[in-house]
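Enquirer: Protein chains in written order, with our numbering: chain A, 29 to 320; chain B, 46 to 355; chain C, 5 to 604.
Think of the hints as simulated: they come from the structure by calculation, not from any bench.
Some clues are possibly wrong.
Coverage of chain C stretches by chain B, computed from C-beta distances (three or more under 8 Å per stretch; other residues unrestricted) [as the list claims (entries may be wrong)]: (1) 91-99; (2) 302-308; (3) 471-480; (4) 532-546.
Within a straight-line C-alpha distance of at most 30 Å, the following computed DSS-like cross-link-like pairs (lysine-lysine) qualify [unchecked claim]: (5) C/K105 x C/K152; (6) C/K125 x C/K106; (7) A/K57 x B/K260; (8) A/K99 x C/K465; (9) C/K542 x C/K362; (10) C/K327 x C/K364; (11) C/K256 x C/K106; (12) C/K465 x C/K316; (13) B/K175 x A/K209; (14) A/K99 x C/K463; (15) A/K149 x B/K169; (16) C/K74 x C/K98; (17) A/K57 x B/K175; (18) C/K465 x C/K364; (19) A/K207 x B/K171; (20) C/K542 x C/K152; (21) A/K209 x A/K149; (22) C/K482 x C/K465; (23) B/K175 x B/K260; (24) B/K260 x A/K209; (25) C/K336 x C/K316; (26) C/K431 x C/K482; (27) C/K407 x C/K419; (28) C/K256 x C/K199; (29) C/K362 x C/K281; (30) C/K482 x A/K99.
The structure presented is a predicted model; accordingly, all values stated were derived computationally and were not measured.
Don't be surprised by glycine CBs; every beta carbon is placed ideally from N, CA and C.
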Amino acid sequence: MQATNPIPAALAVDRPMRSRALRKLLRDKLAFAALAVIVIYAIVGLLALFHLAATHYQDSVGPAYTAPGAKYLLGTDVLGRSVLERVVHGTRIALVVGFVSTGIAIPIGILFGLLAGFFRKRVDDFIVWFYTTVDSIPYILLVLALALILGKGLVSVCIAIGITSWVGACRVVRGEVIKQKELDYVQAARAMGAGNARILILHILPNVMHLVLIQASLIFVEAVKSEVILSYLGVGVQGEPSWGVMIDDARIELIGRGAWWQFASATGAMFLLLLAFNVFNDALRDALDPKS
Amino acid sequence: MINFILRRLLYTIPIMLGISLIVFVLFHVAGGNPVYRMLGKNASPAEILRLTHQLGLDRPLWVQYLHYLADLLRFDFGRSWETRQRISEMIATGLFPSLCLAVPSFILTTLLAVAVAMVSALFKGKAVDKLLVVGSVLGMSISILALIIGAQYLLAYRMNLFPISGFEIGWRGLPYLALPVLLWIANQVGGDVRYYRSVLLEEIGREYVVTARAKGLSRGRAMRTHVLRNAMIPIVTRLVMEVPLLFTGSLLLENFFGIPGLGNMSINALNASDFPVIEAVTLFGSILYILANLVGDVLYAVFDPRVKLS
Amino acid sequence: MPYRLPHRFRPLAVLLATAFLACTPSRKNLGSTYRGVLISNIKNFDPALVQDQYSSMCQFQVYETLLEYKYLARPYDVQPCLASAAPAISDSGKVFVIRIKKGVEFADDACFPGGKGREVKAADFVYSIKRMCDVRTQTTGWWIFDGKVVGLDAFRKATESLPPLPEQYHPALYDGEVEGLRALDDTTVRLELTKPYPYFKYILAMPYAAVVPHEAVEYYREDFMNHPVGTGPFLLKEWRRGLRLVFERNPKYHHGFYPTEGMPEDSAEGLLADAGKPLPFLDRVELDIFEELQPMWLNFLRGNLDNSIIPKDNYAEAVTPDKSVRGDLAAKGIKLFRQKDLDLVYMCFNFEDPVLGKHKRLRQAMSLAFDADQAVELFYNGRGVRAHSPIPPGLFGYDPAYKNPHARYDPEAAKALLVQEGFPGGKGLPEFEYLTVAASNYRQMGEHFAQCMARIGVKIKVSTCTWPEYLSRLKQKKVQIIAGAWGADYPDPENFLQLLYGPNESPGENNANYKNAEYDSLYREMAIMQDGPERKAKIRRMQDILAEDCPMIPEIHRLRELLIYDWVGDHRGHAVLDAPIKYYRIDAALRRSRLEGRGK
């Protein structure tokens with residue numbers, strides 16, 4: 029068994045590269061900082077998700093429109109609610125939207141990409157046709173249409189974003205599978221009599237995962253941004269504050285009252301997360317790039 | 046060449062069919078029966094049946110789909126539920142103002158983004174580059190709403206550099222477009238810079254550039270003569286991908302600056318749950334995208350003789 | 005452009021030209037043009053289909069009715085418009101005989117033979133009302149005639165069996181007689197009512213009852229709504245959806261004159277200086293559409309608009325705490341204008357909901373827990389008074405001394421009521437949905453309500469949706485608590501009390517689906533009663549019933565405030581008429597000097 033198992037052969041090519049990538053990533057201070065920021069966001073989001081933080085985001089804690097200060101770190105909004113708690117709660121929404129949408133999009137993309145790249149011919153033609161079609165519909169319009177039809181709320185936002193953003197991942201996986209399929213280790217596995225499913229899942233999939241990782245973080249960023257637009261247009265999250273809802277709120281008070289803090293907080297929270305993801309993504313790409 | 050274009054045109058047919066199918070399923074199957082909406086509050090069951098029959102909504106779905114396709118071929122998108130105007134006319138009147146805003150924005154954004162990306166790529170890893178990365182991410186994550194509100198107040202009202210809002214046809218309309226165009230650029234340029242930077246870096250890393258540099262070609266010269274030329278394909282790809290932005294990108298800009306274009310129309314339709322209009326905009330955007338793709342493919346062939354025209 | 009540039013410099017040229025032109029804003033000669041605001045896109049110009057304030061504002065410039073509201077005289081009343089004199093009403097109060105003005109012609113339009121508008125005849129009124137009541141027109145205004153005119157309901161029923169509209173626009177049925185709606189000759193209309201409705205004269209002044217020429221309906225068919233052909237003071241010249249509407253003076257309009265009667269303060273303010281002069285004074289009306297408030301506000305301050313509402317977040321920058329215009333604005337010639345609206349902002353409970361409908365003390369508790377005064381401060385800058393019943397100040401039956409025991413903020417009393425009802429601290433209650441229209445303001449109002457309810461332990465989830473979706477959920481009774489507002493269609497308390505009349509339940513206007521036998525019978529009695537002590541007593545009893553049952557939380561009656569430049573003359577607010585533009589006058593010289601003086 030041990031002798032005939034081709035897995036070590038595949039990993040033999042792969043493992044050093046991956047650990048090298050990881051080491052490279054960790055050495056890049058900027059990337060490390062970005063990762064740390066993402067982790068902090070995740071922790072804050074999780075705390076809010078399990079009602080351990082920002083539980084009073086709906087209560088008045090002080091007078092309306094108090095500027096940031098020692099008592100209210102990020103100030104208060106029109107109903108005297110703490111902007112800090114609202115931002116934290118918004119983090120939770122952003123992370124939920126980001127992870128759930130990515131969680132929907134990535135498996136679809138991988139599945140279609142693997143099938144198309146591996147089987148080619150009819151299957152490939154159909155899948156390529158399908159993703160070209162989906163891709164031809166302007167993204168934000170498709171998401172809006174879906175959100176309108178699915179009804180409002182967090183769940184439909186996630187579904188709408190999820191089932192519209194798998195195309196990139198699918199395309200990348202398909203291209204890589206076409207390349208990998210011709211490589212020696214796949215041929216070897218086939219010679220050993222491994223079935224299609226086995227080859228796909230155990231051999232090819234691990235070797236395209238690094239590309240999927242980059243795609244996933246792209247989808248994540250796109251999902252967070254889309255949520256903000258959807259919420260602003262009134263088809264987003266209902267009954268709780270998200271960053272989009274906060275920006276919508278802030279829009280009317282920004283100039284007239286000069287109440288900039290709600291706006292700055294929501295935008296700042298979004299900026300930092302997106303910056304971290306972008307930096308991390310760049311580093312990931314560099315690290316995984318065999319050429320460098 | 047003509048052969049190539051014809052073949053590409055043929056290839057768009059199944060895509061168009063696919064799009065129409067998806068949109069049909071979204072709006073006509075999942076979207077629910079419009080009759081309730083059209084008849085208003087006091088509709089009797091008999092009236093509902095009558096109108097359902099009159100609109101052909103009691104026929105099998107595939108028959109409805111064929112009729113739907115036939116309407117689309119005649120560019121007949123039906124009428125708006127809200128204003129009861131013919132949607133094809135609405136699109137025709139909204140297209141020009143949208144293009145007035147989008148085309149200059151689009152061109153200027155691209156020129157600026159490529160220039161900035163070149164600088165960034167030349168100084169990769171240096172302070173300038175890092176600053177530009179942070180700057181472009183900042184640009185990407187500041188909501189366009191903030192840009193609009195702030196600029197309209199400060200630049201247009203306080204400093205009186207631009208008119209506050211409005212739209213005119215002809216040269217008189219130029220001042221009205223200036224500020225929205227600037228805001229478009231500010232909003233869009235960050236993402237473009239990030240993309241073009243990675244494209245250029247990819248190209249710089251290639252062997253021929255390394256060779257050229259080794260032969261003593263200066264950095265800037267290598268950039269201009271080799272890299273940019275070869276990066277044209279990804280740049281064209283990006284341009285094609287951004288075509289739908291021609292009107293979705295201007296959704297909020299049009300609303301705040303009173304530009305009576307397609308973005309304005311879409312927001313109104315959205316606020317009124319005016320499905321036929323949203324549907325038409327979706328279809329129209331897709332068609333635009335496919336056409337842009339076609340043009341993009343032809344351009345590839347122009348920029349890169351290696352692309353086979355088969 | 006007088007010169008040409010090489011191609012590659014074109015974008016640069018455009019940019020430079022843009023920057024250059026932007027610095028020299030062209031000031032066109034405005035003359036006697038009034039520049040008003042619409043804060044929403046208007047839908048169409050078909051009087052049968054009007055349903056929002058802004059569409060009706062625009063229609064009013066083009067179309068006219070038999071009667072119209074008096075501009076200056078108070079209390080609100082009507083006077084002849086296309087009628088030549090006040091209607092002759094029979095002693096029973098049921099028969100209206102109305103003679104119409106001779107020589108009034110429709111505007112010239114391609115729909116008439118030779119393009120020349122013809123004279124308006126009595127038959128046109130009969131046609132217009134019949135057309136509106138035809139089911140196939142899909143009017144939103146049937147309720148104004150529903151059950152009120154003899155034979156009209158049967159006519160409407162008969163139209164149901166006719167072929168669909170676009171194919172057949174002028175069916176024979178329209179020539180048949182309706183008992184209560186007849187043209188006796190070319191200049192006399194006779195209407196017979198089923199009951200002596202005292203407010204019927206107001207209905208004849210509503211936009212739904214405007215006169216339209218059948219030629220235009222037949223000629224433009226489905227596009228009639230985009231081609232208004234009326235008798236009004238203005239003609240629609242340009243309509244760029246999403247941007248603006250432009251009207252110009254109708255050269256054939258000769259039958260309107262500035263009012264000669266007004267209130268004492270009107271003559272003191274010089275509003276009667278133009279008494280008896282032919283209308284309109286304006287040559288041109290431009291109504292700009294602003295979906296967002298910021299560009300509207302800034303354009304107003306810049307002097308590009310003649311008036312503006314005050315967005316709530318800009319209030320402090322425009323108005324001082326003692327309610328006068330701030331100095332810098334006053335120096336520009338801006339005046340503050342206040343006007344009591346005939347309206348009601350309220351929330352109502354759906355009685356079909358198993359919990360909300362069954363527990364009176366729960367509703368009372370929620371009414372007591374709602375801090376309306378805080379809402380007035382937060383969302384209306386104090387522009388409004390606490391409502392105690394549906395009837396707003398200014399209408400018959402409003403009594404400033406009347407206090408609804410549950411229309412005050414008293415969370416302790418509310419908690420006690422919850423205990424009595426078996427829901428101590430809100431225990432045992434489900435989360436209720438509060439439905440409102442998707443807009444930041446409305447959502448915040450919902451969140452404020454939820455906050456108030458949280459103080460007594462009642463959980464509220466705020467949901468928002470588009471306006472059509474909101475309506476459809478109301479009509480299907482798929483709601484729990486909704487936010488609503490009602491503006492007077494006509495100045496009679498009946499228009500507000502019908503909001504809770506049992507038979508008006510959804511899809512009618514009784515969105516609470518509230519039914520109370522005593523209230524309903526009182527309503528039927530007061531609806532056909534002339535104003536007097538007896539009517540007052542019945543209204544008072546109805547108010548008491550509502551206070552006890554709490555089908556709605558009456559929140560506030562709003563106060564409208566408007567900023568207007570002093571170059572607009574003859575301006576007086578009107579709670580029913582949204583835009584009496586035909587009475588306005590522009591002092592073009594003053595406007596020019598003020599705007600030019602500002603540039604320096």
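Enquirer: Decide, hint by hint, whether the structure agrees.
Expert: Results for each hint:
Evaluation of the coverage hint for the segment 91-99 of chain C: breached, as 0 residues show C-beta separations to chain B shorter than 8 Å, against a requirement of three. Beta-carbon proximity to chain B at under 8 Å applies to 5 residues in the segment 302-308 of chain C; the threshold of 3 is reached and the given coverage holds. Only residues whose C-beta sits within less than 8 Å of a C-beta in chain B count toward coverage, and the segment 471-480 of chain C has 6 of them, enough to reach three; the restraint holds. Only residues whose C-beta sits within less than 8 Å of a C-beta in chain B count toward coverage, and the segment 532-546 of chain C has 0 of them, not enough to reach three; the restraint is violated.
With a C-alpha separation of about 25 Å, the suggested pair C/K105 and C/K152 falls inside the 30 Å cut-off, and the hint holds. Pair hint C/K125 plus C/K106 holds up; C-alpha atoms about 8 Å apart against a cutoff of 30 Å. The suggested pairing of A/K57 with B/K260 is violated, with an alpha-carbon distance near 34 Å, which exceeds 30 Å. The hinted pair formed by A/K99 and C/K465 meets the criterion: a straight-line CA distance of about 29 Å does not exceed 30 Å.
Only pairs whose Cα atoms come within 30 Å are accepted, and C/K542 paired with C/K362 is accepted, the gap being roughly 26 Å. With a C-alpha separation of about 40 Å, the suggested pair C/K327 and C/K364 falls outside the 30 Å cut-off, and the hint is violated. Of the pairs offered as hints, the one joining C/K256 and C/K106 holds, with about 13 Å between alpha carbons and a cut-off of 30 Å not exceeded. A hinted pair counts as satisfied when its Cα atoms are at most 30 Å apart, and C/K465 with C/K316 qualifies at roughly 25 Å.
With a C-alpha separation of about 38 Å, the suggested pair B/K175 and A/K209 falls outside the 30 Å cut-off, and the hint is violated. Between A/K99 and C/K463 the CA atoms are separated by roughly 28 Å; this keeps the pair inside 30 Å, and the hint holds. Taken as a hint, the A/K149 and B/K169 pair is broken in the structure, with Cα atoms around 42 Å apart against an allowance of 30 Å. About 23 Å separates the Cα atoms of C/K74 and C/K98, which keeps this hinted pair within 30 Å; it holds.
A hinted pair counts as satisfied when its Cα atoms are at most 30 Å apart, and A/K57 with B/K175 qualifies at roughly 13 Å. Between C/K465 and C/K364, the direct Cα distance comes to roughly 21 Å. Compliance with the 30 Å bound is thereby established for this hinted pair. Proposed proximity of A/K207 and B/K171 is contradicted: the alpha carbons are some 35 Å apart, above 30 Å. Restraint check for C/K542 and C/K152: satisfied, since their Cα atoms lie roughly 22 Å apart, inside the 30 Å limit.
A hinted pair counts as satisfied when its Cα atoms are at most 30 Å apart, and A/K209 with A/K149 qualifies at roughly 14 Å. The hinted pair formed by C/K482 and C/K465 meets the criterion: a straight-line CA distance of about 15 Å does not exceed 30 Å. This hinted pair checks out: B/K175 and B/K260 have alpha carbons roughly 29 Å apart, not beyond 30 Å. A threshold of 30 Å between alpha carbons decides the hint, and for B/K260 with A/K209 the separation of about 38 Å lies outside it, so the pair is violated.
For the hint linking C/K336 to C/K316, the alpha-carbon distance of about 21 Å falls within 30 Å, and the restraint holds. Restraint check for C/K431 and C/K482: the C-alpha separation of about 24 Å stays at or below 30 Å, so the hint holds. Our distance criterion of 30 Å between C-alpha atoms is met by C/K407 and C/K419, whose separation comes to about 21 Å. The straight-line distance between the Cα atoms of C/K256 and C/K199 is roughly 38 Å, outside the 30 Å bound, and the hint therefore fails.
For the suggested pair C/K362 and C/K281, the alpha carbons sit about 60 Å apart, so the restraint of at most 30 Å is broken. A distance of roughly 43 Å separates the Cα atoms of C/K482 and A/K99; the hinted pair therefore is violated under the 30 Å criterion.
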